[in-house]
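Colleague: Let the hints inform the model, and build the full structure from the sequences given.
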Amino acid sequence: MGVRAGVVVCVTSFLLGALFTHWIADSLTLWKSPVTDEHLWTAAAYYSILARSPPQVLWLLGSVVVTGCITILWSLGDGEAGNIMFDGGSIFLFGVTVVMYLYSVFPNIFANFGALSDHQPRDPFPSSLRLLTLELASNNLVCSVALTGVLALQAGRFWAENSDADDEVSVPGEGEGSQSRAKTPEPHTK
Numbered sequence: 001m002g003v004r005a006g007v008v009v010c011v012t013s014f015l016l017g018a019l020f021t022h023w024i025a026d027s028l029t030l031w032k033s034p035v036t037d038e039h040l041w042t043a044a045a046y047y048s049i050l051a052r053s054p055p056q057v058l059w060l061l062g063s064v065v066v067t068g069c070i071t072i073l074w075s076l077g078d079g080e081a082g083n084i085m086f087d088g089g090s091i092f093l094f095g096v097t098v099v100m101y102l103y104s105v106f107p108n109i110f111a112n113f114g115a116l117s118d119h120q121p122r123d124p125f126p127s128s129l130r131l132l133t134l135e136l137a138s139n140n141l142v143c144s145v146a147l148t149g150v151l152a153l154q155a156g157r158f159w160a161e162n163s164d165a166d167d168e169v170s171v172p173g174e175g176e177g178s179q180s181r182a183k184t185p186e187p188h189t190k
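Numbering-wise, the sequence shown is residues 1 to 190 according to my numbering.
In short, the hints are calculated from the structure, not lab data. Heads up, a few of these hints could be off.
[To be verified] What follows is a list of derived Cβ distance ranges for each label pair: (1) Leu30 <-> Gly6: 28 to 34 Å; (2) Ser128 <-> Tyr103: 19 to 25 Å; (3) Glu186 <-> Trp74: 42 to 48 Å; (4) Phe92 <-> Asp123: 40 to 46 Å; (5) Val64 <-> Thr184: 41 to 47 Å; (6) Phe110 <-> Leu30: 18 to 24 Å; (7) Ala160 <-> Ser33: 39 to 45 Å; (8) Phe92 <-> Gly6: 16 to 22 Å.
Please read these numbers as outputs of a predicted model, since none were measured by experiment. Note that beta-carbon positions come from the ideal geometry of N, C-alpha and C, so glycine has one too.
Modeller: Below you can see the structure in the form of structure tokens.
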């Protein structure tokens, strides 16, 4: 159980780290007001670099995602209530990220940013790419929030399992096998 949760946390953290590298482009388009043509050209240049990256990068990313999916699904197969609740939520959020990347982010990057025209930072930004660039930044934000939710659910699962284990403390002096809550110790007075 602990190894599976560790793998899910590591995979999710890796994917969050990969998404945080997009902050170079996304911070200029989502959080800087007003969004200037220079900001959009910077973001487009960044996405252009991603579009021209070697295919091995995508294979690595895909293998990490598949590892995460298999691990979460394997943990869900135990049928325990905690696994169904926490891992079910994790599967949903992880799935949202995968679907958004497969059907929106990757097609957008590869179709629109593979070959940018020569430009200067102060040149007018093409209106056809403006919405697509802003959409990419928004999708990356949604994926980051979803993966943060996976980490929160895994932390909640860890806390719930440890809380259950703490509740089942044996009380000395009672019969074999009886379980009870531990009592609060009395403060020592001098």
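Colleague: Hints first: check each against the structure and report whether it holds.
Modeller: Comparing the hints with the structure gives:
1. Leu30 <-> Gly6: 28 to 34 Å: holds, 32 Å
2. Ser128 <-> Tyr103: 19 to 25 Å: Check passed, 20 Å falls within 19 to 25 Å.
3. Glu186 <-> Trp74: 42 to 48 Å: holds, 46 Å
4. Phe92 <-> Asp123: 40 to 46 Å: Given about 43 Å between the Cβ atoms, the range holds.
5. Val64 <-> Thr184: 41 to 47 Å: Distance hint for Val64, Thr184 holds at roughly 46 Å.
6. Phe110 <-> Leu30: 18 to 24 Å: holds, 22 Å
7. Ala160 <-> Ser33: 39 to 45 Å: Given a distance of about 41 Å, which is inside 39 to 45 Å, the answer is holds.
8. Phe92 <-> Gly6: 16 to 22 Å: holds, 21 Å
Taken one by one, the earlier hints all hold for this structure without exception.
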